[in-house]
Amino acid sequence: MSDFLSGFSEKKEPKKGSDERAPEKVEAVKKEVKAVKVEVKPVKEAVVEEVVETEKVVVDDKPLPTTKMSDADSLEQEHKYLRDEPTELDPGYKKKQMKMRILIGVGAVVFLIIAATSYYFMSTVKVPDFANKEISEVRNWSKENRVELELESAFSNEFDTNIVLTQETAVGKRIKKGSALKLSISKGSDPDEVIGLMPFEGSNETTIYEWLEKSHVNNLKVTRIYHDTIANGNFIRIELLNKDQKPEDFKRKDAGTIYISKGTESFDKTIVMLDFKGKTKGDVEAFHTSNKFVNPFVYEEVYSDTVEMGMIVSQSISKDEKLAINDVVTIEVSKGKAMVVPDYSATTVDTFENVNPNGLNIKPGEKFSSSVAYGSFLSQSADAGLDVTKDPNFNMTVYYSVGKPYIDTLVGKKEGDLAKYFFDFNAKGANVTYVVQYAPRCLDKGTVAEA
1372 MSDFLSGFSE KKEPKKGSDE RAPEKVEAVK KEVKAVKVEV KPVKEAVVEE
1422 VVETEKVVVD DKPLPTTKMS DADSLEQEHK YLRDEPTELD PGYKKKQMKM
1472 RILIGVGAVV FLIIAATSYY FMSTVKVPDF ANKEISEVRN WSKENRVELE
1522 LESAFSNEFD TNIVLTQETA VGKRIKKGSA LKLSISKGSD PDEVIGLMPF
1572 EGSNETTIYE WLEKSHVNNL KVTRIYHDTI ANGNFIRIEL LNKDQKPEDF
1622 KRKDAGTIYI SKGTESFDKT IVMLDFKGKT KGDVEAFHTS NKFVNPFVYE
1672 EVYSDTVEMG MIVSQSISKD EKLAINDVVT IEVSKGKAMV VPDYSATTVD
1722 TFENVNPNGL NIKPGEKFSS SVAYGSFLSQ SADAGLDVTK DPNFNMTVYY
1772 SVGKPYIDTL VGKKEGDLAK YFFDFNAKGA NVTYVVQYAP RCLDKGTVAE
1822 A
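1372 is the number of the first residue of the sequence shown in the working numbering; add one for each residue after it.
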């Protein structure tokens, strides 16, 4: 551009022969206008445009001779004329040049500031408030922003496991990507802390759950079961895994089960009861299993003179009655014939043999009685109805009356026979004693002379 304008800074005289240029060529040069546009574009944002006003090339209006020349000579002469022609410069050109340089400088500074700011924000990240947040949420944030995590764990009764307790970096502060963020994470409550059990007796489900939550106890399982006497929602019992665990020494980590009542379970009576009399216990169990009764049947063993041992004697629910699966049926099972002591009170010595159907070791006996007739029942050594099945050595005596005691004449009996004679009296209930006195008589020695 400057080279082009310099051609007009010195005024030179046209050479001889230049008058021969064609008039139309001169006229075209007069009217020629050159416009120069300067563009300065800094990197990215800054763009400066400067338009230099049109420089006018003034050509002398003096008519030139019209001497004919070749086209090559005419073109050369035209270029020389333009170089020798005087040039008029814009007086504000230098100011505009200075202004353009200032704008370029300012644009460069702005670009650098923008680039530095962009780099700072691209290479750092603002730290959010992670307090009370899940560690999984923090890990997602750290992965997205390329921030390392340094985690420390601590027990806390206030916050659950894996909840952020504190953070070392202040909320809102920017840290470089790739740097570390230190956090304190809750490990939950201390499992080895001794907390003791609450008094469960008389408590309900709501109270129990409130205590479990407040105490941060996670190893006590609550189970609801049906109960016929305890109301729905009330405490039934607690079973600790460690049977020797004392309530006051209970630790948070100790395990067990708390049972809470669901009340009485009700079922529809849709099962038809069968007749099991004379059948076996196995038949009853098969009926119980096939109908899925929730409670076991009750079996009672009884003696029966007519039903064989092991067979069903009776049942608490009659045949064809309807049952529910929670009903309990009582079944009597025969133990065979009972060894029961018979009642001899209505017998006499003559009918003694007609009683004793079980073949027990029973024998008759005699006793004196001043009020009961001879041969009538007096007593028996074992009570009637006594079960002696388990006593293989059992024996009994039934006593019948032999009337009043009567002592026959003793004269002529030998002294040695007196002991047995009076023993027999006393064995039959008499209380007789005797005294022997010796006296000289005409009888053989040892013979009773008087009585």
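Where hints are given, some of them may not hold.
Unchecked claim - With a Cα cut of at most 30 Å, we get these calculated BS3-like pairs of lysine-lysine: (1) Lys1761 - Lys1734; (2) Lys1614 - Lys1624; (3) Lys1738 - Lys1663; (4) Lys1504 - Lys1592.
Don't read these hints as lab results, they were simulated from the structure.
Point to revise | Hints that the structure is at odds with (numbers, increasing) | key: 3
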